[in-house]
Amino acid sequence: MTRRLALLAAFAAFAAAAAGPVLAADRLHLYNWNNYIAPETVKRFEAACKCEVVQTYYSDNEELLAKLAAGAKGYDVLVPTGNTVEALVKGRQLQPLDKAKIPNLRNVDPAYLDTPWDPGNQYSAPYAMSTTILGYNDQKMKELGLPTDTWAVIFDPKFLARVKGRVTVLDSSAELFAAAFKYLGYSANDVDEKHWREAADLIKMAKPYWAAFNASSYIKELTVGNIWLVHGYSNDIFQANLDAQAAGRKFRILQGVPKEGAVLAVDSMVIHRSAPRPDLAHQFINFMLDGRNSAELTNLIGSGNPNLDAARHIKPELKALPAVFPPKEVAAKLEQLNELSPAQRRLRNRLWTEIRASR
Amino acid sequence: MRKGRVALWAAALVAYAFLYVPLAIVVVYSFNDSRLNAEWVGFTLDWYRKLANDDEMIRAAVNSLAIALVASLVSTVLGTMAGVAMHRYRMRVLPLLVFAPIAIPEILMGVALLIFFVLLNLTLGLVSVALAHIAFCIGFVAIVVRARLAGMDESLVEAARDCGATPWQAFLRVTLPLIMPGVIAGALMAFTLSIDDFVITFFTAGAGTVTLPLQIYSMIKIAVTPEVNAVSTLLMLLTLVLIVVAARLSPSLLRTNQENP
Amino acid sequence: MATGEARRGERRGRWLVGGPPLAYLVVFFAIPTLIMVLASFRTPGDFGGLAPLVSADGTLDLNVESWARLVEDAVYLEVFAKSVVYALVTTVACLVLAYPLAALIAQSPRKYRDLLLLLVILPFWSNFLIRVYAWMIILGPNAALAKAVNGALALVGVEPVPLLFSSFAVLVCLVYVHLPFMVLPLYANLEKHDRALLDAAQDLGANAWQRFWRITFPLSLPGVYAGGALVFIPALGIFAIPDILGGPNDSLIGNLIKQQFLETRDWPFGSALSIVLTFAALALAGLAAWIGRRGSGEMARA
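Residue numbers (our numbering), protein chains in the order written: chain A, 1036 to 1394; chain B, 65 to 325; chain C, 31 to 332.
No lab work stands behind these hints, which were simulated from the structure alone.
Built from N, CA and C at the ideal position, the CB exists for glycine as well.
With beta-carbon atoms standing in for the labels, derived distance ranges:
1. 1287/A <-> 149/C: 42 to 48 angstroms
2. 1228/A <-> 316/C: 40 to 46 angstroms
3. 191/C <-> 311/B: 44 to 50 angstroms
4. 1352/A <-> 64/C: 53 to 59 angstroms
5. 149/C <-> 1283/A: 36 to 42 angstroms
6. 57/C <-> 1220/A: 52 to 58 angstroms
7. 122/B <-> 1373/A: 38 to 44 angstroms
Starting from the given sequences, assemble the full structure and let the hints guide the process.
Structural data, given as structure tokens:
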């Protein structure tokens, strides 16, 4: 009998422990990418607002969208990427920002404000950016004599033949088609069906040379030296180099910004329409728009920064990277992806399925 | 007999090796002095130290364990009942409802359950996740229990009834001990499924709910650091200890093997 | 016992025992699923999710567009067929690996059985992702295995093959992830086999293989089918493994369905695909069980 009681008591204690943290008076629910805010920043904000920041994570904009579309609530601040903001705005999932509460918005580079999908920044405040570019093993690329500043190196069989089985591309139809469009000389946001099919054919021709469509484990393969060339995100490629150096590798992982242009992804802070604490949410957004706090993320992961006030807090070697503060010539060729209509998305998925099933 | 025995041992050892080589890598790499789970760089205890200070990860692990315990308990009870019912009676709808959750893609079920919970105005949190897990674990338990019951000697139960036992007593004293290995096998499967589930958990978790898979999968695009190896190693050890302790506390209940009647 | 009483007892038993799981599954499985079955007849929302069921002018938004798309395109059938092949190979491989393991555990001395069984399932309480990453390390081009295999191939003059980012990697990982779900049901069945039958057969002159094939295996068939179902059916819908270590051609039906709910935001089409997958999986499993029942019937007669 006592044995059973002991078991029950242990179970109850366990369940109580799992029931949740000690109730904090004020909580801000932040739904963000993992490792997309420095721990010191969170602590400083918690001290400043005398509240607790409860973080949960997603790893894909579409996951965020699907969850909210099905009706999930309870989140205060979200950090979606450009075109996802558009979907959220049009889907009436957000509440407007009270500009009076976020005076630091003036710190943001005007080039990233007032986008077509959020004129006047009614709903969103830019947070951080990344570009989708090439990442490469500098030793191998030099050995093989391959260019690193053009999309041709992942699409043209002439170059691919030298690096067959050592290239990965992102497992994202949106990103890969955008890269193909740029290579073919079109806008990344082209919606002409003929151009879509042209891009699909280009991809099918290049596919046999690629090792994988991968958005999740390609970076470590690049760092270890199994993969020599990737189509990937600038933050990840920056991290890969840090890891490679830390592991004492003889090569460096460098970022290659293609001359034809690339996709720019600007992540913005938004407030969910049924946020439990919009006051804390505004406080948080204003806090993150302060240059010093914004800079901490860039210093941590090498992310692009749309905040002009952050420049003086960012480490010099990072400031020099074209992916962090894109110089005018590069910025001119970067494009943010637009939303597609359901019919266009269906076409894209149809072509993508054909591509993935082709041999 | 000898040759058969040796072949059996050899084949089983190959299977155990297949199971444990990756696990050995997981444990060894928890001491790896590199952010990536890709190659061995050097030995360090840093990741365990980091884990000790990582409140989020620890809370996630505790949540996962709690949900898995509750979900496997409830689904084992319900699944055993379902398995027995399917074996003894002619159930028309139950078999479909038992098999279908195993076949249905997780993402469909996750979205469906989220929509359903929102319709019911149920607050999302640990409870909603547990309810979802139970739904897909019942089937696994039911199928194993039914397979165990197949070909079971009914005469024992009849004999018990003839001796005056009520159906409940006959079940408790005769059937249940005989099917216990199947029940335990089902419970172990349910626990495993629950503790590692990502997709359904992602959709049914609340705004402040973290489980270990949610935490870990969110790292997938950056780096799944050896801290994950560390927490997994500790979780495995903890679960093993829990089970051994539970078995000691109630030996008769948890014996997975029975006398052959 | 009077038959009336027996029938009432039977009905009572059926509701007492079968009722609770039935109720739970109806509420937390059947109803949510029916919501999504209905969704397959609706239109996708412009910005994700579903369009309103009752549109602004009061009409019900129901159509069969998604279902029509399923049949108008052969490529979906192709992807599905490939997934069936992968799932079948996985199931057979799991059976071959799991059977000796389950048999060994079932035949071990009583006091070791629990431990051996726990040892089988223990690795699966670590996280799925890092187990897959462990396989990436094992199959990596610079690891021992790849070097050995490609070295052997080089001797015969064959080009080196990548072990990672290939169908081989996907299959190995699929087998790995599903193995305990074959071992446990098999064990639960094998454990109750009566040694006396085998001893009697041996006395009558049967060798080890005959004892296995004519006594043990037929008796273990329910376990084989249970394990087969618990491997084949989930394996059919898997997407994470091809995503992480699959090659460019390893896109399975699970990946396709996931894309519909995420990238393409076409929930109706995703629902339609899922329903087809579910029915096909259940039908194939049912077919296998039916064949097995007929086969074992013949064996019993032989």
